[in-house]
Amino acid sequence: MSEETKKTKIGYYPGCAITKCSTSEEYGTSVLGVSRVIGPELEEIDDWNCCGASSGHATNHKLSTALSVRNISLAEKDGYDEVLAPCPMCSQRLIVSQDDVENDEKLRKEVEDAIEMPISRNVKVSNYLEIVKNYSMDEIAEKQKRKPEGLKVASYYGCLLVRPPKILKFDDPENPKTMDDIVKAIGAEAVDWEFKTNCCGGGFTLSRPNVVIKLTHDILEGAIDAGANAIAVACPMCHANLDMRQQAIEKEYGRRFNIPIVYISELIGLALGLKPKDLGMDKHFIDTGSVIDTFSDIEK
Amino acid sequence: MSKKIGVFVCHCGTNISATVDVEKVAEETKKNNPRVAYTTTYKYMCSDPGQKLLRDKIKEEGLTGVVVAACSPKMHEHTFRNAAVKTGLNPYHVEISNIREQCSWVHPDIPTGTDKSIDLVRMMTEKTRKDKSLTAIKVPVTKRALVIGGGIAGIQAALDIADGGQEVVMVEREASIGGHMAQLSETFPTLDCSQCIMTPKMVEAAQHDNITMYTWSEIESITGYLGNFDVKIRKKARSVDLDLCTGCSSCWQVCPCKKIKSEFDMGIGNRTAIYIPFPQAIPSKPVIDRENCILFKDARKKNIKPNDSKVCRKCIDACPIAPVKAIDYNQEDEIVDVKIGAIIVATGFRELEDGLYGEYGGGKYEDVITGLQFERLASASGPTEGKIKRPSDGKEPEIVVFIQCVGSRDPAKGCSYCSKTCCMYTAKHTMLYKHKVHDGHAFVFYIDIRCAGKSYEEFSQRAIEEEGATYLRGRVSRVYKKGEKLIVLGADTLTGSVVEIEADMVVLASAMKAQDDAEQFAQKLSIQYDKDKFFSEMHPKLKPVESSSAGIFLAGTCQGPKDIPETVAQAGAAASKVLALLSSDELEREPVVARVDRQLPPVFSTCIGCFYCQKVCPYSAIESEDIKARDGSVIKTVARVNEGLCQGCGLCAATCRSKSVELEGFNDEQIYAEINALEFN
Chain A
1 MSEETKKTKI GYYPGCAITK CSTSEEYGTS VLGVSRVIGP ELEEIDDWNC
51 CGASSGHATN HKLSTALSVR NISLAEKDGY DEVLAPCPMC SQRLIVSQDD
101 VENDEKLRKE VEDAIEMPIS RNVKVSNYLE IVKNYSMDEI AEKQKRKPEG
151 LKVASYYGCL LVRPPKILKF DDPENPKTMD DIVKAIGAEA VDWEFKTNCC
201 GGGFTLSRPN VVIKLTHDIL EGAIDAGANA IAVACPMCHA NLDMRQQAIE
251 KEYGRRFNIP IVYISELIGL ALGLKPKDLG MDKHFIDTGS VIDTFSDIEK
Chain B
1 MSKKIGVFVC HCGTNISATV DVEKVAEETK KNNPRVAYTT TYKYMCSDPG
51 QKLLRDKIKE EGLTGVVVAA CSPKMHEHTF RNAAVKTGLN PYHVEISNIR
101 EQCSWVHPDI PTGTDKSIDL VRMMTEKTRK DKSLTAIKVP VTKRALVIGG
151 GIAGIQAALD IADGGQEVVM VEREASIGGH MAQLSETFPT LDCSQCIMTP
201 KMVEAAQHDN ITMYTWSEIE SITGYLGNFD VKIRKKARSV DLDLCTGCSS
251 CWQVCPCKKI KSEFDMGIGN RTAIYIPFPQ AIPSKPVIDR ENCILFKDAR
301 KKNIKPNDSK VCRKCIDACP IAPVKAIDYN QEDEIVDVKI GAIIVATGFR
351 ELEDGLYGEY GGGKYEDVIT GLQFERLASA SGPTEGKIKR PSDGKEPEIV
401 VFIQCVGSRD PAKGCSYCSK TCCMYTAKHT MLYKHKVHDG HAFVFYIDIR
451 CAGKSYEEFS QRAIEEEGAT YLRGRVSRVY KKGEKLIVLG ADTLTGSVVE
501 IEADMVVLAS AMKAQDDAEQ FAQKLSIQYD KDKFFSEMHP KLKPVESSSA
551 GIFLAGTCQG PKDIPETVAQ AGAAASKVLA LLSSDELERE PVVARVDRQL
601 PPVFSTCIGC FYCQKVCPYS AIESEDIKAR DGSVIKTVAR VNEGLCQGCG
651 LCAATCRSKS VELEGFNDEQ IYAEINALEF N
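These protein sequences, in sequence, are chains A and B. Under our numbering, think of the first position of the first sequence as 1, with each following residue one higher. Under our numbering, think of the first position of the second sequence as 1, with each following residue one higher.
The following block holds chain B by itself, in its conformation from the complex (with noise of 0.2 Å):
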């Protein structure tokens, strides 16, 4: 039986219709395809009354196929293949004639938009003509969450999904969990300190019971699928036994190494080898850092075991843990292994490296200092108990310049990309430091102020109205040293002038930049990233928080440069997404699938196991299997295609060289049928 297909012309406003004439569109579909039984035209076809006209024709003319010339199918097909659900249509005999993004939007006038429309609207319904009914796929769920990172974004959406009833393993490559957020002094647009917010968290996801925190740890491997993924977790070597340390922090009074540059203080700052980060560290438990630790450097020098060195024991020596000391040189990494149904990203973002501008001295001059390095000088908990005082000499700088954009919007050094907080932390730094040193001036220099948030133009006025901050407008062109003093030649562009400044101290609003290793990370769990190595979003209107790869989302900067409410409000969303898929008991997944043919036997399948499909498969999702005879004997290997795995991309199916490979929903059938449309007419 033939089928009966009916054709909904979408206006979309005028988004459509001001270069499409959409009825024309309908009468000529309906006039040259004797398959087309209706047509019609409706301005706005994904609203309810948009919708119920489908379904009220699908019931009353009979339809068994429809197609909907509307906007992307990215943006509606969802919807439209909902509404058909509901007259009982297999959605899969739903399509999408995308005639806005690739024809309304692009093509500026009437004739042009409207031919093409109608070649588009015919190939599809020659498609729609081969559709088959297809059924959801129907997968079990561990319901367990991973979230790896454990800054605010991490520890937001841990703690939302652990409110929510569910198990979450949170994974954190540092010592401690905070991340760059505890590393501030103040915050925007309040001026409420950071640790008074930040570290009541930390403790309650640290003593949450439905969350399992590793920290000094990283994922070593993520393999499986939405629902349903198998991930190790590398326990890096800490040093430290956390069941039997009590932070009692003997050990890292006596230990000797005390001149290694501490991360936590962005190298402003000193730390021991064996170490917390911060005090207020969680776990609040030390770590031996290998690298520096003078019994480690012997060992590796000797070649023998850690414990067999005899160079320095001190902090064995101090721990009053007995009888086990809570300390053990020879400790080894361990892997762990978790089931896991969905996982957050919060990785998080680097400051940029000071190297970068040596116009600026480029990490040469001890007083060029970042912005980060700024928090940890104004910090009360700081190397310097919160007085500012410059690095080099550790004097009061009496005059302090700020320069914004340094790595963001510069494409010349290859960030082209706007940070989106340095605008707001460099009028909070130099309030910060006009609060502390009363007779001291700042100058800050800009290219544009962007202060778009609730209360942040406010907040920037006041640094400099109240405050009397010098914003002068330009770029500075060089950062050198003359005697004790930083000359900072800078361009004002609203007076036209040439302006050098003898600074005590230069402040960089360093940008935000995707961590070193965010493209390894990325390929490590098959999910896209974009060219600053950001990680992509699905959509970046309508799935911000969702990333490529089904069952993985994000929260963060790892995304990209955010402030903190709304990384706060990113990462809730992505909880609030994990809470649903966890929710049911099994999932429903498209089942828009490639499948490898099986034939009867003497053929079995006409793969002949060459296995191009599993090289360029970006998912791994082909998986090799053994066609048995009754005995047990191998007749051939071929390909198999792992639906949870499957994300429907196609590629498999191109490079398959036997033809064995086909994509439900897109198979040769239908997609010749479309390519035919447009060529024999």
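So here's chain A without its partners, still in its complex pose (with noise of 0.2 Å):
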């Protein structure tokens, strides 16, 4: 590989959640429809595996440590110097993982004997918010073919973007602003909030559900509270919870919000002009009919 064709192109790992055919296919569709417009190019790592989340790293380190820094020295062999990893799960466990190994020597050669291959240190792993702002602000402006009216963002970070902040160290831990600055720069409205970095309640929804429900319900109160008519998100989890939610709330609280919860990739689809459906904006729980409806054609 040449060494320019190296610089453009960026290694995607899609993890299970938003992979073809899984439960938020639509996220990950979006991402790939806005790059095929705007850029960078993303290429699927080869033979990529699942990054050692959830029941990985909650029952054993090593084995996540393990499964995480496998996809990074996989992306190197692709010869990437970049991965993105939509999912802030597995961006957050993929940079962790790196950092652990990095910090223990002991565990590096444990990590390596086990992946068989020599773990990189020279692949930056990024979060979409991230290659959002560092590649594709200049491109949305220039490609923009629609603009929304009357459109109030809450953006919404959940946990894991931003935390632990010592190792992520991506935007202020409390009170975020990337995605507010994306949102802005389609044109619609960033909503000042209070709970952007609130918890969602992850992956308590199955066995917790009554925690989630309060947590959800906070969050999305804020949001309403704020003036927001739509939350945007860059996390599966998060999308899942406050999307699905909804109904299960209005039983508990008898507050019916039915606002739309919608990936920041799908909005600047809508903001390109990609067709909702091919954004795979018909696949969620709340209607997204209110979002795509407030978006028409720049008048050049």
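So the derived label-pair ranges between C-beta atoms look like this:
| no. | chain 1 | residue 1 | chain 2 | residue 2 | range |
| --- | --- | --- | --- | --- | --- |
| 1 | A | Asp99 | B | Ser47 | 49 to 59 Å |
| 2 | B | Asp393 | A | Arg255 | 22 to 32 Å |
| 3 | B | Ile294 | A | Asp99 | 49 to 59 Å |
Hints in this document: simulated from the structure, not taken from any laboratory. Note that CB positions come from ideal geometry on N, CA and C, so glycine has one too.
Two independent chains are provided; combine them into the complex using the hints.
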């Protein structure tokens, strides 16, 4: 691979949640769809495996580290300097594992033995917001075809994009702004609200639904009270909890929110004039029509 | 004649003897070293009988060199040298072999401790053989003290020195003296009004015959050394003539810039552009804030002299002083030179900035305030005249949550230390609040309650038991706004539950931090500072008010967080040290200083004049000297050590490429003797 192409292409690590035919397929579909229009070019890492999250890192640290860093080593083998993992659980696991082996020589050796590959030290793992901020802001301005009118978006980052701050070093952990900047760039209003990094309950949605219902209720209420008519996310878990639980919340609290939860990549896609169906916007529990309808062609 | 050396091994109670067989050390030393004429051990060498033993044996045995194997030389080198002087022995023939701090305390068992002690004593015996007599350096003293900072520490120190009959120059960078104490409403644990005890002291300092006060002034530079400092003070342009102005208030009443946030009121009150910081300010004469004054802004924009601007001349027009007005827009900074004998640094602290805690709003919410802001709210001279009103809408808060340890004891935020005063001032705040808002409810989140001090514990118990503040043991994870309320999410670790409080106002017990420019200021003074940028004392127990530079002392919170009583005590201690220094006409200094060699012609000196020593010297003690021929022509330029400034650190000696610098008392011969003693045995 020549130096030239190496620079423009980024390794794409979908992970289990957003790969084709998975529960949050629309996130992956929209990320890839947007990248085809404004770049950077994404290429799926060959032979990728589970990032070692959830059951992996809850049961065996070495196993989850080995699973994670294998993907990074594969990326290096394929010649990428940077990997995009749109799911924050994945990006966090990959980055934290990199940090773990960097600071623990013994673990590093054990993991290298397990994956039968040297561990890469040079591959940068990025989340989706970083990729958009670093590569695509100018392109969005250049290639935008449609603009929203009256769309007020509460940017919801969740816990994993910014934490642990010492290792991830991404944005302000208490009041991140990157997604808000993207929302503003496409011409929507970024609502200032209080629950940007609150916990959505994550995986407890199956084992402790009552806890998740309370947490998601607070987040949805916070967004509505701040005047938002849509919530943007960049995490499949956040999306599932906020999108799927609204009916249960109504039962528990008697308040109907009916607020669409959209991926930030879907919003960018709409702004670029991509078809909602191609972005997977028909796959949500809460109808996204009210968001789609705010977009109209820019008159030139 | 070879030396007769005596070795005295100290037990230090069990501090040394628990892990060092002191008898064996004495025995082995005697047996293996022919130059050791006498050895003994004693339980406490530093005690009076111990010192007497030392004196007696020097005389009886005719000792010409002494090694005391005991604690660190920082502790008692001085003690034993003084004892030796009384027998007529030159004190620099007395050496300490430290077998405590880096030996008995750190080794776990007797065999290792003993073997190492024997080695250490042998090394020091060899060094002692090479010791030469040295005589103390005498330097003259300028009988005038400088006090930097006009808060309670500076004022107390200045008054104590002035009352002792010595001259004091006091420099304060703000427009008034008074510091943080003048901002406080009431003080713990007696709830007496801070202004009532502070302002009389301010007046006393201002009127004292022996005190010269420079407000709105900063230290430009300090050079020189103990007893002989040359200090340049920058009198910042005040734009008001202090001699002419009577403080009549006409000018600030007419000033049109009324919405400038008052620094004294911690931003919750406003002031004008020409202003006095607070009504009881000293001097009670205004200063023009050139950043915010519209006349100065206009002059800067048009690049003209301020007096040529015609945008606004209300203050000068209102000034009743005639024929020359007391206001002078064109006034410039002035540099004053003073000669000083000793310096007290009392530059105080700053309160932790709002922005560090994003989870508590990071300065975003008006009703999340700091401890000092609450003081201004509660103060009768504050912007609300002592009524507790929340800043956003002026409503009386019904529920107030106080969060302790904000920026203290939180290594994740870079402040691992305890700010020491917050437990007490939070208890005080809950009381002040309850006294003014009877139906109000105060919640306090704490980690521990640390109220060690006379009547302190009783005070905090009073807050809980009698005044009804609800104390919750746990941290607050978040504060966010919901409508008009602030939602405080925290943990109550005693019941193991999550607490959610709908508060009207939140008060953060913000940490005491070192001043922003503490680091640069310490470098200006050549004094050391710690990881948190507080200035370091010379010894944490035995020299708590001395800085690392001779003749410079520390008082108050510039050295570390402390409350008012402790600050006053430290200021008094620093003042007494200064008075002792200034009481004599000449000072004696340790002759442990570096010297650059001088040789007979034609060499003159082996120094090649590279001045690497000057670059490494932390005390600016290296000067250059021209060696001249009879006709005045320069033969060579070499380094010279200023004995007054040199602290004997030895960096220059280690750096010198031509071995031309030696440290008295630690010359190459002595050091090699020590090393060889270890190497070849």
